[in-house]
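What follows is each chain in one-letter form.
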Amino acid sequence: MVNLDDLKKEALNLLKDEKVKYIIGYTEGSNGTSAAPAFIKNPEDTDKLVWNPGCFHNLTRFLRDEKKRKAREKHPDERPVGIVVKGCDSRAINVLLQEKYIKRDDVFILGVSCESTGVIDEKKVAKKLKGKKAQKIEWDTNRNLVVTTEDGTTKIPADEVLAERCVECPVHSPVVYDIFFGDKIKRTTDAQFKSVEKIENLSQKEKWDFWKKQFDKCIRCYACRSVCPMCYCDECVVDTISFAVTADTTAEEKAQRIKWIEKSPTPSETFIYHIIRAIHLAGRCIDCGECERVCPLDIPIRFLNKKLEKEAKSLFDYEVGFDPDQLSLVSSFKDEDPEDFIR
Amino acid sequence: MAEEFEPKIVAFLCKWCSSAGSDLAGVSRMQYPPNVVPITVMCSGSVSPLYILSAFNKGADGVLVSGCHPGDCHYIKGNYYARRRIALVKELMEYIGLEPDRFQMSWVSAAEGIKYTKIIKDFVNILKPLGPQTNLRRSQ
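Protein chains in written order, with numbering that gives the first Met the number 0: chain Y, 0 to 342; chain C, 0 to 139.
Rather than coming from a laboratory, the hints here were simulated on the basis of the structure.
Backbone N, C-alpha and C define an ideal beta-carbon position, used for all residues, glycine too.
One should not assume that every hint holds.
What the hints assert, rightly or not - Which residues of chain C face chain Y? A partial, calculated answer using Cβ under 8 Å: (1) Arg28; (2) Tyr31; (3) Asn34; (4) Thr39; (5) Leu91; (6) Ile95.
Unchecked claim - If you want a taste of the chain C side facing chain Y, the calculated C-beta under 10 Å gives, among others: (7) Lys7; (8) Met41; (9) Ser45; (10) Arg82; (11) Ile85; (12) Leu97; (13) Pro99; (14) Val123; (15) Lys127; (16) Thr133; (17) Arg137.
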């Protein structure tokens with residue numbers, strides 16, 4: 000079991016010794032089930048840190064903001080940022096290291112093991128509780144979720160409330176860390192790509208109908224882009240707001256700017272947005288499932304990323320986020336890469 | 000009688016091999032369908048997936064990406080990168096339910112004018128029964 004007091008103690012020491020600038024961790028959320036990201040600067044606040052099944056956020060996303068903030072400062076604080084990571088999040092750090100977006104010295108990683116469970120899917124839990132408000136949730140030792148509501152406690156088996164990505168997760172403990180909490184439990188999954196196979200088995204028309212129904216809902220709020228730790232480009236292909244428009248910019252110049260995709264959420268544009276998003280994350284997505292969680296319209300975006308993860312593994316024998324020194328998927332090749340589709 | 004459907008093909012040809020190959024087909028007066036719009040790029044490895052989708056978005060019925068044979072790339076390894084990237088695009092297109100046949104890749108060297116005409120002929124024959132591509136086309 001992860002000992003929360005150890006985590007608090009280490010965090011306290013780090014802040015007391017001024018080894019880190021601040022610590023990004025989880026604190027109690029407001030609705031009982033989900034935790035909330037917390038930025039802890041004062042040693043006395045470390046008591047607010049929590050570790051529970053509702054810690055599903057991928058905090059590595061905040062490293063993006065930290066980097067931008069640091070770039071703006073005149074005399075930046077060079078100390079690392081402490082960050083609490085799960086197994087999946089630690090792979091995100093590996094990808095950021097691989098892409099040289101951050102340096103290893105920029106982060107002090109407090110790795111927390113998911114052990115035999117993982118994190119919950121809020122929607123699944125809400126369904127189980129039938130409108131009751133949870134006050135506290137925790138895992139017991141037999142892979143049950145113990146939910147405390149005003150009517151007492153109930154036990155729900157883990158498999159019924161675990162987030163889908165946790166069921167399909169190949170690693171359950173951080174692969175890169177400075178301090179490790181919990182036990183390293185080897186857990187294998189035989190159904191790493193089960194959700195993808197469900198769609199793969201449909202016919203071409205069924206696939207199209209499925210995705211059309213999903214993407215028709217998209218309102219192009221870009222929440223999936225905002226939450227993704229890998230979407231850190233200063234300028235995104237789908238919006239041209241970051242083009243510098245000055246008083247000298249002529250109308251002709253503005254008109255001639257490349258507009259790859261229209262902003263309106265019409266079906267054709269939304270399709271291209273989601274395909275491009277998936278392609279840009281090929282070999283980089285670590286399947287933290289945040290894009291799908293934040294989607295206000297419940298589009299199963301994760302299935303797209305997972306499909307490319309599967310193809311990267313089966314076609315090119317490439318696995319994401321285990322080795323920060325490997326070349327990225329699309330900037331490397333092998334002589335024996337498949338080419339049976341080429342005429 | 001209704002007019003027969005003539006597909007529009009956008010072909011991204013690399014400057015060093017495929018473009019020269021298509022040139023050879025032209026100067027040798029080889030006959031091939033006029034459905035193709037060639038766009039010369041510096042290397043097949045420079046073709047972003049966004050170019051391909053953008054072509055479909057703006058009205059192409061089929062897209063062809065053509066580069067040098069493996070080992071012949073002017074930039075040593077550009078076509079290897081292209082091969083990997085395009086394999087992913089193809090898989091994803093199939094997964095989303097788009098007709099994977101609308102998108103093809105080929106290796107055409109500067110000496111293969113005949114192969115180029117054959118690829119275009121075959122591609123047109125594949126596209127004709129599929130009809131116009133409407134799934135990704137921008138609505139006016």
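Checklist entry - Does C:Ile85 pass the interface check with chain Y, least Cβ-Cβ distance below 10 Å? => result Interface hint status for C:Ile85: holds (8 Å vs cutoff 10 Å).
Checklist entry - Taking the closest Cβ pair, is C:Arg137 under 10 Å from chain Y? => result holds (5 Å)
Checklist entry - Holds or violated: is the Cβ of C:Asn34 closer than 8 Å to a Cβ in chain Y? => result Hint violated; C:Asn34 Cβ to chain Y Cβ min 17 Å, cut 8 Å.
Item to check | Closest C-beta approach of C:Ser45 to chain Y relative to 10 Å, hint status | outcome: C:Ser45 check fails; min Cβ-Cβ to chain Y is 13 Å, beyond 10 Å.
Item to check | Evaluation of the interface hint that places C:Leu91 against chain Y, nearest CB under 8 Å | outcome: holds (6 Å)
Item to check | Satisfaction of the C:Lys7 interface hint, Cβ to chain Y closer than 10 Å | outcome: violated (16 Å)
Item to check | Status of the C:Thr39 interface restraint (C-beta, 8 Å, chain Y) | outcome: violated (18 Å)
Item to check | Hint check: 10 Å Cβ-Cβ cutoff, C:Met41 to chain Y | outcome: Violated. Min distance 17 Å.
Item to check | Per-residue hint verdict: C:Ile95, partner chain Y, C-beta under 8 Å | outcome: holds (5 Å)
Checklist entry - Can the hint on C:Leu97 be confirmed by a CB-to-CB distance to chain Y that is less than 10 Å? => result holds (7 Å)
Checklist entry - Regarding the hint that C:Tyr31 lies at the interface with chain Y, is the smallest CB-CB distance below 8 Å? => result At about 15 Å, which exceeds the 8 Å cut-off, the nearest Cβ of chain Y leaves the hint on C:Tyr31 violated.
Checklist entry - Measuring from the C-beta of C:Arg28 to each C-beta in chain Y, is the shortest one below 8 Å? => result The hint is violated - C:Arg28 has no Cβ within 8 Å of chain Y, the shortest such distance being about 23 Å.
Violated hints for the displayed structure, listed by number in ascending order: 1, 2, 3, 4, 7, 8, 9, 14, 15.
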